[in-house]
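Protein chains in written order, with the working numbering: chain D, 1 to 535; chain U, 1 to 395; chain R, 1 to 79.
Just to be clear, a hint being listed does not mean it is correct.
Claimed, not checked - Below 25 angstroms or equal to it, Euclidean Cα-Cα: the simulated PhoX-like pairs (lysine-lysine) are:
{"id": "1", "chain 1": "R", "residue 1": "Lys23", "chain 2": "D", "residue 2": "Lys260"}
{"id": "2", "chain 1": "U", "residue 1": "Lys116", "chain 2": "U", "residue 2": "Lys264"}
{"id": "3", "chain 1": "R", "residue 1": "Lys70", "chain 2": "U", "residue 2": "Lys42"}
To be verified - Some residues of chain R that are not near chain U, with every Cβ distance over 12 angstroms (derived):
{"id": "4", "residue": "Met1"}
{"id": "5", "residue": "Gly2"}
{"id": "6", "residue": "Ile5"}
{"id": "7", "residue": "Leu9"}
Simulated from the structure, these hints should not be mistaken for laboratory data.
As the structure is a computational prediction, the values presented were derived from the model and not from experiment.
Glycine included, each C-beta is placed from N, C-alpha and C at the ideal position.
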Amino acid sequence: MFPQGKTKTLKPKAGGQRESPMARQHEAQQMSVYEEMPIDPSLASMTERLQEELGQSADLIVREFGGSEPSSAKTIAVVYIQAMIDDTRLDEFIIQTMQEDMLSGEEPEKDYVRMKDKLLAIGIVSELKTFKDLFEKLFLGYAIVLMEGQEQGISAHIVGGASRGVDDPKTEMTIRGPREGFTESIRVNSMMVRRKIRSPKLWLEQHKVGEITQTPVAIMYIQGLAGEEIIEDLRDRLQAIKIDGILETNYIEEMISDQKWSPFPTIMYSERPDVVAAALLEGRIALLVDGTPFALILPVSLNAFFQAAEDYYQTFQMATFLRMLRFVSFVIALLMPSVYVAIIGYHQEMIPTQLLLKLAAQREGVPFPAYLEAFLMEFVFEILREAVLRMPSAAGSAVSIVGGLVIGQSVVEAGIVSSAVVIVVSFTAIASFVSPIYNLGIAARLLRFFLLFAASTLGFYGIALVTLVILLHLSNIRSFGVPYLKPFAPFYWKDMKDSLIRVPMWLMKQRPQKAAEDDNIRQSTKLKPRKEPSQ
Amino acid sequence: MTKGTGAANGTITSGQLSKLLFLFSIGSAALLLPTAVVSIAKQDSWISMLLVIPFHYAFIYIYLLLHKRFPKMTLAQYAEKIAGVWLGKAVTLTFVFFFALLGGLVLNNVTDFLSKSVLPQTPDWFIGGTFMISIAYAVFLGVETIARTGEILFAWTLFIIGLISFTLINQMHADNLLPMLYNGWSGPVKGIYPVLGFPLAECVFLTAILPMIKDEERTKLKRMIGWSVLLSGGVGVIISFLIVSVLGVEEAMRSPFSVYEMAKSINIEEILVRVEILVAMVWIGTVFTKLAITVYSLVVMLSQMLKLRTYRSLVFPMCLLIVPLSLIVYRNSIHAGTFALEVWSVYAVLQGVILPLSLLAVARLFDKKSAEDGRFPEKTPKTPVSAGETADKQG
Amino acid sequence: MGPIIACVLFAGAMSILLWHQNKKRQQIKEGVWAIVFLWGAIAVIVAKLLHLPMSPPTDWVAAITAPLYKPIVAWIKGG
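Okay, chain D solo, but in the shape it has when bound (with noise of 0.2 angstroms):
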């Protein structure tokens, strides 16, 4: 049907010398390489080019058409990386171009004026004078337009290509609340997030980090709530970042994170555009990275970690509630396998007679001490855990039944541990499940195995030392220059409100300190309900 259009594919490149693998490999970091390259204006050298560096890649599509007669020279070429375009509308596009007198060639500044202005009606037009900005786009998903003696290229932004839609976030669930959650594509994400706040003052920064991967990411902030320094200083850290790839925000977050040694999260990540909203509305600031579901929040402090979306969902009876038993799960999960160990070894006064008679023989004959038994345990618990995490679905449900009753159960019948260790792991491995926001549980793991060798050797003491590095370490460690510890030490009593309580909405009447520079007061102070007068 295109009598003049030639879809051109690949054929791999005959013999021919290859570089060293390294040479190859080192070339092809430089993306800065192609700064200097600029757009060829020989249509057909400049086809051949792109062919050469993309390695004939047969994704890489080349369409030319035009030239005054059929036969001869094509005047313009639509190149495009297939399925990262909409088909359709190019289609259209060329067949609408095809039809013009363009193609003849003999009127090359009128005819790119023309072009430009054709194409704006497919999309955000752009020029392009240097190889690296063509590639830039190219990769985008945008369609690159090449003219006959034309130095410049235009790009048509053209994007199409699959994507999973929007969907239930799958690691935050809430019984009532929002249920979308981000997807891998950075502009729907950037548009969930314009969608909870529709202020002109939601700004949003875009930044290419990785030298291979050239990763679009983002950072959103409500300019005048966010701390000016944050932002800077985290621009400063984004473009610090010199690293091939980046695939997950993950990457990013470790590469700016302030405490690279420690295990304490100072950066958080969400799947949902209301949380990221809500951290938003109180001076924080919002990174997304494309290709990844998981936005980060910046800076934020211990208390965040215990904060649920669905705290503001549910009446805050409830939610003080729950926020208490998190917090009181997070120290039952660092410390219960330790203390037990330290009382089982040293302090054996501590448990009542009954108990400790029983406990004494249901401990005889195992071999292990007790501190042995209990690290044996929450290592097998771990490997339990990695395996049901990484088993495809269908055989996820066996392993837990293998693990949970099989194991468990011979375990203790064989003599090798005592029930009082597995109830004591099993216990803490379900209370470290409570902590909304998985990094937190993380430290919980790595941290129990030192409290436990601290317990093994020197009893409560040695828990008890223990616990004050740990907070020693909590106490010095800040986010973005923000203490880990606020609203605790320093003590800012207006901050208190929602931190192990959550106080009644109509009693917030202040933005957390720091996370907001300019303005604290964040809603009117009369939102109190009051009785209706009565008539």
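Guided by the hints, dock chains U and R onto chain D, whose structure is given.
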């Protein structure tokens, strides 16, 4: 580290300071002191604790006055300004010795307590050594971190003290407190003596910590410290009150760890038992704070005396030194008792009150003041600083 | 003998560590003093290990302040 991370590092608020002061005054004093006071004032020991409060504030006032003259310098630095370089260094040296000795004594207390009640089979040096490792970590991190941790320990400590006092109500025998003032006022007045040294004069550590206050908080300082003194005094009164009324004078005089013993007797319907663990935890927390502050003052003053650019390099050797020091500092527990009761107060008051007072007098006489900032930067830069930009400024 | 050697070796290792860490930040003076005090501490530890008779510093203090504290204590105990 980029811009945001080091923001406001190394300064504390007046609230944090007052909490630290509270913890310091309570630490080791609340556990050990009541026995000493009771042995002198018998059942009127609570009156002694009450009488002590104005003394406490008066001592601290001296440091505040010195602080007003030299707002951003520690005693090590302004001693040199007041008394001249060499005499000033000599003065600082006595303080260094004082703090080191204090550290050894406190560590000895802790190790003794833990060894006797909780970990009888663990060698003392191991207990002391592990404790000092965490202290070294704390001092290394800096005063701001210690202050923040202190805030949390403060809340926890108050909670436990409240809990203990409340639960002991049903064990009190008020008649143990009688006869009141049997020998007139001489009993309680004499009872002040041990407290003067322990903890009152030890508060001279403030001369090393006061310069670290955030500028905007300086006006609140007096008020906050006032509250802190009242609170720690109040707690002292409550504890000695409880000790005598629950255990009786004879019992209370017997064991050096009387508060711990008292907590052991808490018994509410057989359910709330074994609460003394909480007391032990609070005690470890407060002693930790006290030692951390002591070591911090020690290291800061020593580093300033030697004109070093940071105090951090000396932390480890000093902490190491305090461990064997704690082991040689008392020959036996009798020696410990008599020293703490009799000698320490005089020495501490000499060092912690008379000496600063004389410095203040000389400063007043010759109108010496200085607003120079002699504080250490909190984190020495990772990349070498060129000679011209030495991070701290010395007098 | 064993623990003493262990201590000395430890001191040696720490000295090297301290030296390098301080050299990296151009803090020679700090490094030197740190090492001095380190060896001081080790000396005390070794002396304790060898059970050398060491007079407690508390005795020195008691000796110096004797003229002051003795009368006070007498007054307290007496009156």
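Hints and how they fare:
{"no.": "1", "hint": "R:Lys23 - D:Lys260", "result": "holds (24 angstroms)"}
{"no.": "2", "hint": "U:Lys116 - U:Lys264", "result": "holds (15 angstroms)"}
{"no.": "3", "hint": "R:Lys70 - U:Lys42", "result": "holds (21 angstroms)"}
{"no.": "4", "hint": "Met1", "result": "holds (18 angstroms)"}
{"no.": "5", "hint": "Gly2", "result": "holds (15 angstroms)"}
{"no.": "6", "hint": "Ile5", "result": "holds (17 angstroms)"}
{"no.": "7", "hint": "Leu9", "result": "holds (15 angstroms)"}
Every hint, counting from the list given before, is met by this structure.
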